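Participant: Sequence:
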Amino acid sequence: MLLLLVSGIMTAQETEFKFTKDGFTDYVIGTVPNKTASELYKKSIDWINITYKNPREVIKAQIENDYIRIEGISSSMLCKKILLSNICENGRYQIEISFKDGKYKFDVISLESYLSASQYSSGGWYPVGLTNTSYAYKESGELRSTFKNYPEEIETTFNSLNNELKKTLESDTIPSKKDGW
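At position 71 of the sequence shown the residue is numbered 72 (our numbering), and the sequence of numbers has no breaks.
In case anyone wonders, no lab produced these hints; they're calculated from the structure. Honestly, I wouldn't trust all of these hints.
Unchecked claim - Simulated pairs of lysine-lysine, DSS-like, Cα-Cα distance not exceeding 30 angstroms:
hint	residue 1	residue 2
1	Lys61	Lys168
2	Lys43	Lys54
3	Lys22	Lys104
4	Lys81	Lys22
5	Lys149	Lys167
6	Lys149	Lys139
7	Lys19	Lys82
8	Lys149	Lys22
9	Lys54	Lys168
10	Lys19	Lys36
11	Lys19	Lys104
12	Lys61	Lys43
13	Lys43	Lys167
14	Lys19	Lys101
15	Lys149	Lys82
16	Lys149	Lys106
17	Lys106	Lys61
18	Lys19	Lys167
19	Lys61	Lys101
20	Lys104	Lys43
21	Lys106	Lys36
22	Lys81	Lys54
23	Lys106	Lys167
24	Lys81	Lys149
25	Lys104	Lys54
26	Lys149	Lys19
27	Lys19	Lys168
28	Lys22	Lys167
Please read these numbers as outputs of a predicted model, since none were measured by experiment.
Hey, can you work out the whole structure from these sequences and the hints?
Facilitator: Shown next as structure tokens:
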């Protein structure tokens with residue numbers, strides 16, 4: 002019985018992203034019963050076309066019916082509390098969506114923040130640590146005040162994208178921007 006319990010825990014799959022002192026969730030698995038990998042792939046392309054302003058620029062790599070890698074930008078996704086104000090930076094992310102019959106994997110490959118050029122910095126895109134989040138936490142495990150918004154903002158961004166994708170994949174219709182006009 003103990004062996005069964007342990008094997009169940011070890012094969013448990015994440016269904017939501019979490020940002021903790023131990024790191025950011027590696028990936029989530031979504032189940033979509035009665036849909037083939039091919040159907041899920043095609044519906045994901047539909048979702049990208051509806052969700053992103055320039056879908057052809059967003060898609061960075063793809064192998065039909067296997068996976069799609071996209072790159073997006075979220076304005077004001079990464080806000081830091083500095084002194085008495087919040088300073089928000091754009092976040093650039095890469096996501097890889099892989100497909101199997103009846104399920105898909107939503108994997109955040111990378112996250113970067115944009116730092117504007119100043120007299121102290123040349124500016125540009127800088128990686129945001131997802132596997133090692135120690136920069137955001139004190140040794141006690143308490144969140145540093147500068148990064149207090151990171152967990153919620155990062156979780157919300159990727160959970161929202163994943164939920165929107167899942168709704169599209171579960172639907173039997175193609176979503177349209179023209180609805181309701």
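Participant: The structure should be examined with respect to each hint, and the outcome stated for every one.
Facilitator: The hints, checked one at a time:
{"no.": "1", "hint": "Lys61 x Lys168", "verdict": "holds (23 angstroms)"}
{"no.": "2", "hint": "Lys43 x Lys54", "verdict": "holds (18 angstroms)"}
{"no.": "3", "hint": "Lys22 x Lys104", "verdict": "holds (29 angstroms)"}
{"no.": "4", "hint": "Lys81 x Lys22", "verdict": "holds (17 angstroms)"}
{"no.": "5", "hint": "Lys149 x Lys167", "verdict": "holds (29 angstroms)"}
{"no.": "6", "hint": "Lys149 x Lys139", "verdict": "holds (11 angstroms)"}
{"no.": "7", "hint": "Lys19 x Lys82", "verdict": "holds (20 angstroms)"}
{"no.": "8", "hint": "Lys149 x Lys22", "verdict": "holds (12 angstroms)"}
{"no.": "9", "hint": "Lys54 x Lys168", "verdict": "holds (19 angstroms)"}
{"no.": "10", "hint": "Lys19 x Lys36", "verdict": "holds (27 angstroms)"}
{"no.": "11", "hint": "Lys19 x Lys104", "verdict": "holds (20 angstroms)"}
{"no.": "12", "hint": "Lys61 x Lys43", "verdict": "holds (16 angstroms)"}
{"no.": "13", "hint": "Lys43 x Lys167", "verdict": "holds (13 angstroms)"}
{"no.": "14", "hint": "Lys19 x Lys101", "verdict": "holds (24 angstroms)"}
{"no.": "15", "hint": "Lys149 x Lys82", "verdict": "holds (7 angstroms)"}
{"no.": "16", "hint": "Lys149 x Lys106", "verdict": "holds (28 angstroms)"}
{"no.": "17", "hint": "Lys106 x Lys61", "verdict": "holds (17 angstroms)"}
{"no.": "18", "hint": "Lys19 x Lys167", "verdict": "holds (18 angstroms)"}
{"no.": "19", "hint": "Lys61 x Lys101", "verdict": "holds (20 angstroms)"}
{"no.": "20", "hint": "Lys104 x Lys43", "verdict": "holds (13 angstroms)"}
{"no.": "21", "hint": "Lys106 x Lys36", "verdict": "holds (14 angstroms)"}
{"no.": "22", "hint": "Lys81 x Lys54", "verdict": "holds (27 angstroms)"}
{"no.": "23", "hint": "Lys106 x Lys167", "verdict": "holds (11 angstroms)"}
{"no.": "24", "hint": "Lys81 x Lys149", "verdict": "holds (7 angstroms)"}
{"no.": "25", "hint": "Lys104 x Lys54", "verdict": "holds (26 angstroms)"}
{"no.": "26", "hint": "Lys149 x Lys19", "verdict": "holds (14 angstroms)"}
{"no.": "27", "hint": "Lys19 x Lys168", "verdict": "holds (20 angstroms)"}
{"no.": "28", "hint": "Lys22 x Lys167", "verdict": "holds (27 angstroms)"}
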